[in-house]
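Enquirer: The primary structure of each chain is shown beneath.
Number of protein chains: 2
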Amino acid sequence: MSELRKDPVVERWVLVADDALRSPVIPRSRDRIDGGLLCPFCPGNEHLCPPDIFANAPNGFVSVHAGWQLRVIPNRSPLLMVEEGHRRSGEGLYDKITGVGANEVFIETPEHGIRQSQMSPAQLECLIWAYQSRIHDLRKDGRIRSVYIYKNCGVQAGATLDHGYSLLVALPIAPRAVAEEVEGARRHFLIKERCIYCDVIHQETAAETRLVAESTCFIAIEPFAPRVPFETWILPRRHAPRFEHIEPAEVHDLALIFREVMSRIDAGLCSPDYNYWIHSAAFGNECDPYYHWHMEILPRIAPPTGLEGGTDLYYNTTLPEDAAEYLRRLVIP
Amino acid sequence: MSELRKDPVVERWVLVADDALRSPVIPRSRDRIDGGLLCPFCPGNEHLCPPDIFANAPNGFVSVHAGWQLRVIPNRSPLLMVEEGHRRSGEGLYDKITGVGANEVFIETPEHGIRQSQMSPAQLECLIWAYQSRIHDLRKDGRIRSVYIYKNCGVQAGATLDHGYSLLVALPIAPRAVAEEVEGARRHFLIKERCIYCDVIHQETAAETRLVAESTCFIAIEPFAPRVPFETWILPRRHAPRFEHIEPAEVHDLALIFREVMSRIDAGLCSPDYNYWIHSAAFGNECDPYYHWHMEILPRIAPPTGLEGGTDLYYNTTLPEDAAEYLRRLVIP
Chain L
27 MSELRKDPVV ERWVLVADDA LRSPVIPRSR DRIDGGLLCP FCPGNEHLCP
77 PDIFANAPNG FVSVHAGWQL RVIPNRSPLL MVEEGHRRSG EGLYDKITGV
127 GANEVFIETP EHGIRQSQMS PAQLECLIWA YQSRIHDLRK DGRIRSVYIY
177 KNCGVQAGAT LDHGYSLLVA LPIAPRAVAE EVEGARRHFL IKERCIYCDV
227 IHQETAAETR LVAESTCFIA IEPFAPRVPF ETWILPRRHA PRFEHIEPAE
277 VHDLALIFRE VMSRIDAGLC SPDYNYWIHS AAFGNECDPY YHWHMEILPR
327 IAPPTGLEGG TDLYYNTTLP EDAAEYLRRL VIP
Chain S
27 MSELRKDPVV ERWVLVADDA LRSPVIPRSR DRIDGGLLCP FCPGNEHLCP
77 PDIFANAPNG FVSVHAGWQL RVIPNRSPLL MVEEGHRRSG EGLYDKITGV
127 GANEVFIETP EHGIRQSQMS PAQLECLIWA YQSRIHDLRK DGRIRSVYIY
177 KNCGVQAGAT LDHGYSLLVA LPIAPRAVAE EVEGARRHFL IKERCIYCDV
227 IHQETAAETR LVAESTCFIA IEPFAPRVPF ETWILPRRHA PRFEHIEPAE
277 VHDLALIFRE VMSRIDAGLC SPDYNYWIHS AAFGNECDPY YHWHMEILPR
327 IAPPTGLEGG TDLYYNTTLP EDAAEYLRRL VIP
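Chains as they are written, first to last, in our numbering: chain L, 27 to 359; chain S, 27 to 359.
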């Protein structure tokens, strides 16, 4: 099992495996991705995975392969488990919590090796629906305070298989990255009585220089201070603190704009490795007036250096205004 | 030239190149390191580099190669330059500062491809002295608020050459990573009237379970909540907010314990890629009673995933207690 440990100075949480062998386990290098000769995510190999949490889409879409279009399974080596008791304890200066929570894998498609830009809008809609559905379910467990969806695509993004998958982690804490956004949004709201993300959307749609794509319900932009070249955010126009509460028309629209953004990134940057994550408010409703869920997509062209790690200062060689213009002008088939 | 842009929500700074060509520049992949057939850092190729800021050690140590033991040069594509004017400006919600500062490279040794664990204590002492000396010099420029030293060793750590080098960045701001530590240390001091790092040193030397090495002036530990397997910190026993003010006896002692730690990491983990950085207080003296400089060394065995990037929650498969015991027990030649 695992435990969450908090750094006593900066209050950063780390999930540490506490059932390690008495000799330390060095994780295998992720220099390469497994060949896929016997991919555990391909149809026919379902027995290599833990049992499904669920499979198939609710809309009756049936795969040509083994009867499923999308599967959700527990991670085989879960970071956290709902079966674990919830205990908080201390050790002098230090604090820790048992690793209660959940860690699930979304197998996005039965087809091996296709990228999200190649998935149909219906498949992407099904994936978004599955994300929502799992969050709603996990939310019923009162010990869980936040749920995050993220994706690793390619070796540079930390992926370990090349069959398309994304991940969910449900936590008994609110991790720092979103807590900091909530705090920043709160500061802005206290002064302005407005949501800062709504203000960003207003300024970006007026200026248009960092705009990549627009739809009825969403905009896609290169943020003003992007950490990596071609970092792209998708924001809902409607103020909403939580991703899981978007409505069916918005799910449809999100699938379309997400597919357009990924197609532009793949066409313009030779199908790079990438991560994305969905930032959504933790459970509770304190931050509802001022927090605004969104999606952040980061192409991984170069590994981070000691500058980012040591100072949290990022160095970006591409102006977001140039990146936006380049992505916007591409002709997508 | 470049500019510093601040994310309006989380106040994270990004250094963006603002003289980019009108078509976006995609940085080259760092999948591999340049071959070194014509290494710009090797003796005889000094003409391939910008002119030295200084060369050689003050102790008269003379290299067998081209007369230098260590060189400091400006980065060929500097992230920041002292020649730049210092202007702050706004754009609606957004804030930026011109890229005033400095970015320097320490060529640690004339010998190509040797690791820091293979350098002599005298060479490492010379490197530490050079770090200190450059910080003292840059400190004279009133526009500079903080200076950071960091190292990228190997592709996974973001290195671009395999001739040993480390880097310095001098900034007109205090970046988030250290500002957060200062803030955490301040909270502790307000309650306890003690430095939290002094408390950590006290607890770790008493417990011994996470101790890797000890010397007269320093301790090396695996921190309680390590971000990556075998993350190791070196802390001075004496409370001191700033690295650049350590005394000659401490420089000597630091070279010895650093060499021991790097030898243990190299022997135990098959010479992994790694980053390190020195966290030292920004200029000014507000945090002198409660901030404590230190060095953080992070082996880079696997690339970060969307979990770390998206939530700032780290997943570590090796307990620091196991890592410390493993490193401690190794027999070093």
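I should point out that these hints are in silico values taken from the structure, not numbers from a laboratory.
Any given hint could turn out to be false.
In this list, chains with the same sequence are indistinguishable; a pair is considered to hold if it fits within one copy or across any two.
[Said to hold, decoys possible] Listed next, the in silico DSS-like pairs over lysine-lysine satisfying Cα-Cα at most 30 Å (straight line):
id: 1; residue 1: K166; residue 2: K218
id: 2; residue 1: K32; residue 2: K122
id: 3; residue 1: K166; residue 2: K32
id: 4; residue 1: K122; residue 2: K218
If you're wondering where the values come from, they're calculated on a predicted model, not measured in any experiment.
Enquirer: None of the hints should be skipped; say for each whether it holds.
Expert: Do the hints match the structure? See the list:
no. : hint          : in the structure
1   : K166 <-> K218 : neither (34 Å within a copy, 39 Å between copies)
2   : K32 <-> K122  : within (6 Å within a copy, 33 Å between copies)
3   : K166 <-> K32  : within (25 Å within a copy, 38 Å between copies)
4   : K122 <-> K218 : between (37 Å within a copy, 21 Å between copies)
Against the hints set out earlier in the document, a violation occurs for number 1 only.
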